[in-house]
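Novice: Sequence:
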Amino acid sequence: MGSTGVQGTMLHCFHHAGGDRRAFRHWARLGPQVRVVAYDDDASGPEPIVATARRWWRGVPDPSGVYYGHSMGALVAYEAAAAAESLGGVGPRAVVLGAPPGRHARRCLDRVGGRPTDRLTRDLARVRRYVPSRAALRVPVHVVRGTLDDVVGEADALEWTARGGPGSRHHRLPGAGHLFHHVPDDVLTDLVRAVAATPTGPDPVGPDASDGPDALAGLDALDADRGSAGAVA
Numbered sequence: 000m001g002s003t004g005v006q007g008t009m010l011h012c013f014h015h016a017g018g019d020r021r022a023f024r025h026w027a028r029l030g031p032q033v034r035v036v037a038y039d040d041d042a043s044g045p046e047p048i049v050a051t052a053r054r055w056w057r058g059v060p061d062p063s064g065v066y067y068g069h070s071m072g073a074l075v076a077y078e079a080a081a082a083a084e085s086l087g088g089v090g091p092r093a094v095v096l097g098a099p100p101g102r103h104a105r106r107c108l109d110r111v112g113g114r115p116t117d118r119l120t121r122d123l124a125r126v127r128r129y130v131p132s133r134a135a136l137r138v139p140v141h142v143v144r145g146t147l148d149d150v151v152g153e154a155d156a157l158e159w160t161a162r163g164g165p166g167s168r169h170h171r172l173p174g175a176g177h178l179f180h181h182v183p184d185d186v187l188t189d190l191v192r193a194v195a196a197t198p199t200g201p202d203p204v205g206p207d208a209s210d211g212p213d214a215l216a217g218l219d220a221l222d223a224d225r226g227s228a229g230a231v232a
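Residue numbers (numbering that gives the first Met the number 0): 0 to 232.
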């Protein structure tokens, strides 16, 4: 386990297939408002993603805050939130899914690239076998996709947006490919800060997240400005 920051909202981060927590080493730029805690996926063998997420949720000292997962990690983040809702415990107030593989993407994951390590091969097999445990979460799901992503298509991203509660949104990163989280640009960091600053949780009463405290109003401006955003490595 590794972390950056000493205060603010807890941001639990889950890495991509074949990766490790070092994928988030540049996320310290989120600043003091967000405490980044990145995890290594220590699954042994072909453990299903749902089982990995539930094991993490049961074992982490404090599972509150916001969850961010990238590619395979997006599936882990979603299932960790699902575990909290299914088992009736503490969970996130929002989930951010970076480049989450949908049904089509799971059939073309070899495009992700990288060295063909045993860990990458194992992780890609786990992603291909993944089936969501819940049709939708009660909390908002923010889906982030790079416009140049050749693994996760627009339809894949929209599929995940529909799996969230009130306030769920789809965000585009112009010029970004699949692994944009390695070097987050201002657009991504501003988005994560805005989500972390929003005191929303699973509230079944309000029909729309905008009916409550409007700390997410700034996301509309962020989305509108993305045409001038720089590329993400």
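Just so you know, the hints here were simulated from the structure itself, not pulled from any lab data. There could be a bad hint or two in this list.
Unchecked claim - Distance ranges between label pairs, derived from CB positions:
1. V89 <-> A135: 30 to 38 Å
2. S85 <-> D39: 37 to 45 Å
3. R133 <-> A27: 14 to 22 Å
4. G30 <-> S63: 14 to 22 Å
5. R57 <-> T146: 33 to 41 Å
6. G174 <-> R57: 36 to 44 Å
7. G88 <-> D149: 36 to 44 Å
8. L157 <-> R127: 27 to 35 Å
9. R54 <-> A134: 16 to 24 Å
Each residue gets a CB set at the ideal place from its N, CA and C atoms; glycine is no exception.
Novice: Please name the hints from earlier in the document that this structure breaks, with their numbers sorted from lowest to highest.
Specialist: 1, 2, 3 and 8
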